[in-house]
Amino acid sequence: MTEAPKEAGFETRAIHAGAAPDPVTGARNTPIFQTTSYVFEDAEHAADLFNLQTFGFIYSRLNNPTVSVLEERLASLENGRAAVCAASGHAAQFLTFFTLLGPGDEFVASRNLYGGSITQFGHSFPKLGWKCHFVDPTDPENFRRALTPKCKAIFLEVLANPGGIVVDLEAVAAIANEAGIPLIVDNTMATPYLCQPFDWGADLVVHSTTKFLAGHGNSLGGVVIEKGTFDWAQNGKFPSMTEPEPAYHDLIFYETFGDFGFTMKARAVALRDFGPALSPTNAFYTINGIETLPLRMDRHVGNAQAVAEFLQHHKAVDWVSYAGLKSSPSYDLARKYLPKGPGAVFTIGLKGGFDAGVRLVESVNLISHLANVGDAKSLVIHPASTTHQQMDSEALAFAGVGEELVRLSVGLEYIGDLTGDLDQALMASQKG
Amino acid sequence: MPSLASASLSGNTTDMDVLFYSDADLKEVLNSVHTIAMVGASANPVRPSNFVMKYLQGKGFRIIPVNPGHPGEQLHGETTYASLDDIPDRFQMVDIFRPSDVIEPIMDNVIALAPGKGISVVWMQLQIRNDAAALKGEQAGLKVIMNRCPKIEYARLHGELGWGGINSGIISSKRPKLVRRD
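Line order of the protein sequences matches chains A and B.
When you number the first sequence by numbering that gives the first Met the number 0, it's gap-free, plus one each residue, and the end is 431.
When you number the second sequence by numbering that gives the first Met the number 0, it's gap-free, plus one each residue, and the end is 181.
Treat each hint with caution, since some may be false.
Claimed, not checked - Over the 12 Å line for every Cβ pair with chain A, so calculated as not near, a few chain B residues:
1) Gly-59
2) Asp-85
3) Lys-176
As the list claims (entries may be wrong) - Not the full set, but computed from the structure, chain B residues with beta-carbon under 10 Å of chain A:
4) Val-17
5) Ala-81
6) Ser-99
7) Gly-115
8) Gln-126
9) Asn-146
10) Arg-147
11) Lys-150
12) Gly-161
13) Ile-169
14) Ser-171
15) Pro-175
To be verified - Straight-line C-alpha distance at most 35 Å; calculated DSBU-like pairs for lysine-lysine:
16) A:Lys-339 x A:Lys-314
17) A:Lys-335 x A:Lys-325
18) A:Lys-339 x B:Lys-173
19) B:Lys-53 x A:Lys-236
20) A:Lys-314 x A:Lys-350
21) A:Lys-376 x A:Lys-350
Just so you know, the hints here were simulated from the structure itself, not pulled from any lab data.
As the structure is a prediction and not an experimental result, all values here were calculated from the model.
Where a beta carbon is used, it is the ideal one built from N, C-alpha and C, also for glycine.
Make a model of the complete structure from these sequences and hints.
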C-alpha cells in the first residue's frame, strides 16, 4: 500500500497553492496577466483548445493565468477538486445555478441569507424559470419538508449574514444526499479558515471573495468550488452534466472531465456565454489578501468576541446576536462547525429603535458607515435606514431585520479604540 | 514498487472505497511507458478517447488504437486493430475506454499477453472501475490504475492543469520548466 502523502498545512497552502515562480522570468510573486487573449501555436492547437480537447488559455473571459492561481488556491483551501472564479459572489451564484437548473426547476434555500441573495433568488431567478423555496434553517427538517421532485439543490449560508445564525450543516447535508441533490454552501462569512463545509457533506461551496478572503475592501470577486465527489449520473436530474452538450459538439462533461466536470461546465458554458469574468487585477489583490487570511481571521474573531462581550453589557444595547456568546442559540453549533470562532459579522439591537440606529451610524468616528463586510476596517450599517429602507416594519420583521438592528463587521484595529468609538456613538444614539 | 491501488483491493472492497495513487507512482508510470494500446479508441472527434489519443501523441507517446468495429482504419496516423492479440508491436500499457462490467475478459487477455508484449500497466479511464479485475491484474504483477485519465494526470503533473482552476495538490518554490508542445 502507498500511504497518502501528508498535505501541506492550511497556512502554507494559503500562501503557495496554485502559484509557482514564473517559468520564463522567475518572477516569484504571481504577475498580473493583464491580457485579453493568448497566441495559438497553430490552427489545430486553436481548434483543440476551443473544443476543450487540450489544456491552455484562450481568452480572458474563460480563463486567465492570474485568475487561475486564485481558483486553484481557493480549491485547495476548501479541500475541493476545482474552482471557477467570477466577477462577484452574485455572479458565482448565477454560474452555479445556471449549470444546475433549467426552466421549471426549483431549489430550496435558507431564508437567513445575505439580503442580496434573497433578492437574486426570489425576484430575478423566477424570470429565468427557476423557483426558490425559502425555509427557516434553524430546523434542518424544514429543508426536507420543502423539497419537491423538481428541486435540484439546497443552498444555505453556514454562518448567516447578518444574523450570527449557524446552520446545522451535517443534518442538512444528509437530507440533500438522501434526495440525490447537491448541497451548496455559501461560506463567505466563515472563510475556509474557520469552516470546512466539504468535511460536513457539502458538494459545492460559493464565496463572495470580496469579503474576508480579499480582506481589504479593494476588490470584488466570487468563486464556486466543487468537491468532486457528487455523482451527477445517479438520477437523471442533471442533464447538463450527463447528456451531450450541443454548444460543444455534443461533449458530455461528466464523462469527459469526471470529478471536475461541474467546474468545466460552469466555465465553458455559463462563464463563456454570460461573461461575468473576474479581472486579473482583482484576482491579484485577492491572492495577496489570502496569504494573510489565517492571521487576519484569528484577529477578526478575537476582536469580534471582545466587541460582542463589551456590547452585551452596554446600557444602550438591548441584545447582541453573536454565535460566540453563550447566550446565543447558535453557540453549540458554532463550537462544532466553527471551532476557531464564529466570524466577525454580527447584529445588535439598540434601545431607542430606528432613530437610535440612525444616530449611531452618524456618530461613529473610527468605524465606517458603509454597505460591505469583511474588511480590515471595522464597518457598521443600519439596514432599516439603508439596505432595507424600502420595506415597512412588517416586511422588516419577516426578514429578521428590525428597525433597532445594527450590523457590525469587526475589523483589525486596536480593540480599545473600537470599544471606545462604539461607546461614544452608543451614548450619542440615546440622546433623542 | 508497491501496489498503486489502495490496500483495500486485496481485502474487503466496496464501491465506496476511494482509490489513491501517489503523484510519484503516477509519474513513474507515465515516464516508464512509451507505447500504449487504447481499447475503445473512437474515430469520433468529440469522444474522449479520440482527443486523449491525440493529446498523448502530442506528448511523445505512441498510441495504438483497438476497436473491433474498425479494424484496418487509420486514426491519427495509426492503424486500428480489432483486438489486443492482433497488435504486432510491443506495448507497455493498455488504456481502457470500456464500461466497468466488461473489464474482466480484457484483463484476462492482458494478463495472457503481458509477458510476450512487455505490458506492465493497465489503466482504466474516468468512471471505469472493476475491483475484481484489478485484483487479478495486480496478482499477475501488473500495475492497475482505475477511474483516472492519463491525459488529465499528465497535465496535472506537468503544471498544465492550472488553467482550469483544478487543485493539482502541488506546492513548490522551484521554477517550473517550460512545457513544450510537440
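Hints and how they fare:
1. Distance to chain A confirms B:Gly-59 as a non-interface residue, since its nearest Cβ pair spans about 15 Å, more than 12 Å.
2. For B:Asp-85, the shortest C-beta to C-beta distance to chain A comes to about 27 Å, beyond the 12 Å cut-off, and the non-interface label holds.
3. At roughly 7 Å from the closest C-beta of chain A, the C-beta of B:Lys-176 falls inside 12 Å, breaking its exclusion from the interface.
4. Nearest Cβ of chain A to the Cβ of B:Val-17: about 9 Å, under the 10 Å cut. The hint holds.
5. Evaluation of the B:Ala-81 hint against chain A yields a violated restraint, the C-beta minimum of about 24 Å exceeding 10 Å.
6. Violation of the interface hint for B:Ser-99 is found here, the shortest Cβ-Cβ separation to chain A being roughly 13 Å, above the 10 Å cut-off.
7. A cut of 10 Å between beta carbons decides the hint on B:Gly-115: the least distance to chain A is about 29 Å, and the hint is violated.
8. The restraint placing B:Gln-126 at the interface with chain A holds, with a minimum CB-CB distance near 7 Å, inside the 10 Å limit.
9. Given the 10 Å rule on beta carbons, the hint for B:Asn-146 holds: about 8 Å separates it from the nearest Cβ of chain A.
10. At its closest, the beta carbon of B:Arg-147 sits 8 Å from a beta carbon of chain A; the interface hint therefore holds under the 10 Å criterion.
11. Interface restraint check: B:Lys-150 against chain A, minimum CB-CB distance 9 Å, threshold 10 Å, status holds.
12. Residue-level restraint check for B:Gly-161 holds (minimum Cβ-Cβ distance to chain A is 5 Å; threshold 10 Å).
13. At a threshold of 10 Å, the smallest CB-CB gap from B:Ile-169 to chain A is about 8 Å, leaving the interface hint in force.
14. The interface hint given for B:Ser-171 holds, since its Cβ lies 6 Å from the closest Cβ of chain A, which is under the 10 Å cut-off.
15. Because the closest C-beta pair between B:Pro-175 and chain A is about 4 Å apart, less than 10 Å, the hint holds.
16. Straight-line distance between C-alpha atoms of A:Lys-339 and A:Lys-314 comes to about 29 Å, which keeps the hinted pair within the 35 Å bound.
17. Taking the CA atoms of A:Lys-335 and A:Lys-325, the gap is near 14 Å; set against the 35 Å cutoff, the hint holds.
18. For the given pair, A:Lys-339 sits about 33 Å from B:Lys-173 by alpha-carbon distance, which is consistent with the 35 Å threshold.
19. At most 35 Å may separate the alpha-carbon atoms for a hinted pair to count; B:Lys-53 and A:Lys-236 meet this at roughly 32 Å.
20. Simply put, A:Lys-314 and A:Lys-350 have alpha-carbon atoms about 8 Å apart, close enough for the 35 Å limit, and the pair holds.
21. Pair hint A:Lys-376 plus A:Lys-350 holds up; C-alpha atoms about 25 Å apart against a cutoff of 35 Å.
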